[in-house]
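Trainee: Put chain B on the given structure of chain A with help from the hints.
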Amino acid sequence: MKKRYILSLLGACLTMLFVVSCDRELPVNLNYKHYDFASLDPNGGTWTPVLLSSPEQLDVPEPADVNSAEYQSELADLKAAMSNLTSQQRSAIEYWTNNPAIRWMEIAMELVAKYNLIPGPNPDGTYTLPSPANPAGPPPFPFAHPAYSSRAYAHLTVAQFDGLIAAWHYKFLWERPTPSQVDPSIEPAYGESELPSYPSHGAVIAAASRDVLTAMFPLEKDYLAARAAEHLNSLMWAGEAVQSDIEVGEYIGSEVAKLALARASTDGMSKAQTPKPVSDSIKQSAIDRFGWHWENQEIPQRPVGLAPLYGKVKMWSVPNVELTRPGPPPAIGSAEYQADVELLISHQNNMTEEKRRIANYWQDGLGTYTPPGHWNTIAFDYIVKYKLNPLRTARTLAYMNMAIQDAGISCWDAKYFYHYPRPIQQIPSFKTIAGTPNFPSYTSGHSTFSAAAAEVLTRIFPQEGEIFREWAEEAAISRVYGGIHWSFDSEVGLEQGRDVASYTIAAMESDGAE
Amino acid sequence: MYARAQGAVYQPKLLINPQTTMNNYTRMLLVAACLFAGDGLLLAQTPTDAVMMKPREACLAVMYDHGKFDEYWEGSKLRTNATIATVHRRTIMPMIAIGIIDNLNVIISTPYVRTKSDEPNGGKLEGAKGFQDFGLVVKYRFLNRETETGKVAFVGALGFSTPMTNYLSDYLPYSLGFGAPEVSGRAIVQYEWNSGFYARASGAYLWRGETEAERDYYYANGSYYTAWMDVPNAVNFQLVAGKWFFGHSFHVEALYNSTTCLSGDDIRAYNAAQPTNRVEVGQVGLNAQYFFPNIKGFGVLAYYSQIISGRNMGKFTNLGAGLTYQFKF
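These protein sequence lines are chains A and B, in that order.
Under our numbering, the first residue of the first sequence carries the number 21, and numbering increases by one thereafter.
Under our numbering, the first residue of the second sequence carries the number 4, and numbering increases by one thereafter.
Since the hints were derived computationally from the structure, they do not count as laboratory data.
One or more of the hints may lead you astray.
[Unchecked claim] Subject to a maximum C-alpha distance of 20 Å in a straight line, what follows is the list of computed DMTMM-like cross-link-like pairs (lysine to aspartate or glutamate): (1) A:K451 - B:E122; (2) A:K134 - B:D269; (3) A:K53 - A:E373; (4) B:K132 - A:E374; (5) B:K80 - A:E250; (6) A:K375 - B:D219; (7) B:K132 - A:E373; (8) A:K134 - B:D219; (9) A:K451 - B:D219.
Same shape as in the complex, but just chain A (with noise of 0.2 Å):
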């Protein structure tokens, strides 16, 4: 009798190690590998660059002939890069695939969930800002909330953009063929192409994206340097592309990397955050024209909200923010407002499981990717299934991004200048499931990113509109579902949001790769 019940707990302790080492391996990347594109855009070198004038503007050499004993060496330079691949740069191969800006989208999503961190207070109450002019801190800079980090994506994505422009150009204008078509005997990683080789457009990404991150990420610049060797060496190790062909575009890469830099640096991004006698004049300014204001809520309380003036950063399609400004928010103690008011509270009484999933599903909060990272996510999707080259890949995130930021902006002039509460500073011992973010109520910027973004994957991808304005839409509601944002602020911000993407809808009805 005993000696049963034994064996019966040996083989209940069995049973269990088994269900342990089922253990999983957790996904620390985006799922996709290489793929043919669905097409080449032979044209695309005319498409209109964002902030480059011409391809021709960049001073690419025009390659050596692939009989050339220039050519020939650095063919032999390729092949004896591939033979002999140790696992590890078998793995980097197909890390980086053939559609390479994701991944480099993935580094920024990552580092932006690494320095999404708001600084906490001081053990005196104060509260310290991260400054780009001592990155290291304490507090690390940066603090990449959504603002920051909308515009490091819009950035980046402009920059892979441009130098792709550039490098599709120098494609189509010399026609180098891959170093496959030239030695049959070399069997590319990434299938057989026919996209000219020169320049090399995956070094175009590399360096325009290390040259992006590490101004937008100074601490990371080690981490960037490395991650782009790689990508790099991985381009002779997948048999994609000769020294030369990596070398110009790498060239292309950091020459369109400085323009975007440029342009970041007179952005009026450094003077978004300002001191507090400003924040208190803008807050004055609300008071004086509307009669309410927003009052931070932490303990201690912030001085400062969340950059106030990032409104007034410059804009990549919309010639003057307040073209895009919404109408005013109820005003306090109105029915509308009342209403409102009722509804939250009935939210909050009457929390189900799926309000607290949206609410935490589109959260996209402190130490996560943002928002916009989240939209960057299914674009990738989409970009994937269809089946995107490049070109078309890095327009499409380009413009979206820059719809987020812009649309970012719209929101931020909204805010501060209708500077409206929020729930928790007007309804009494009202709780939220989600965090009360350090700026105004009025509008949602989760709604006007979502919309913008949604927009603009509806002009790329028509045929899946639906779900991405239905997802917009949810995304708007998510806040609402977590307290911390009034419905109108949603509702206007979803308008807000798609009135944005109006003007860089039109900017792409015009670029040439419609």
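Mentor: The following block gives chain B in isolation, referenced to the frame of chain A:
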């Protein structure tokens, strides 16, 4: 923007005195060590003592536990955070221990947990409440031998727990639990002298599964593109010294309890904890239990515990009390 801090809890210790027969005192100490690993809460229900119910005997218990902390370890740095102020965690835990056959017991528990922050707090976040994890422990006594000076016992325990409700584990410090299944294996050895003094040591390995968050991306020393979070496995050990008084109707004991996760990340600066965090806890406690001589089957117990060292964990103080009732069936 705000930061959610992380919480942790040490859970109700329960002393149950089953029937007292002539020479054979059976009693059971059930310690449920609940650790919140990051945003995840791990509930390990581990019976850690050496004493067993007899067949066809059961002990029903209801415990009330109140844990609170106003400091927590962010990584290894102890700090306060006015965003969450003082966090309270109250647990009502019904449990039953049943004697199946000689030397084999089963213990079932169904804790109900409520969490919230004191007012005022800077975060103004809603607390949480609901049933946490169903816990099942099977305990087998391999050895129970009288010696010249006392008695020695060796016990093994296998535990399993899993969430009873769809609570959100990724909501620290308010989440009810770590939201993942746990399997534990424990070995317990105890010596009781004829004088009534006793000493006990136990060690356990806690295997934890994954918990599902309500987002499909998170950062844990790098990106994760999934809603699933790996809750770190842990080891636990416990040392207890105690003494019986008044002919085994009252005893007190002092305890040191330690739990250490074997992997995981640290809470980042002024940021919320999450279930992936590497949690470490060192805790001391005092337990007392009294069995009413005149009310058949009833006993009461009370305890106090304090976390004295930790990592990614709230510095909890816990106070608990409970009622036990033992019966035959």
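Trainee: Evaluate each hint against the coordinates.
Mentor: Here is how each hint holds up against the structure:
no., hint, verdict
1, A:K451 - B:E122, "holds (11 Å)"
2, A:K134 - B:D269, "holds (13 Å)"
3, A:K53 - A:E373, "violated (35 Å)"
4, B:K132 - A:E374, "holds (17 Å)"
5, B:K80 - A:E250, "violated (36 Å)"
6, A:K375 - B:D219, "holds (16 Å)"
7, B:K132 - A:E373, "holds (13 Å)"
8, A:K134 - B:D219, "holds (16 Å)"
9, A:K451 - B:D219, "violated (25 Å)"
Checked against the numbered hints above, the structure breaks hints 3, 5 and 9 and satisfies the rest.
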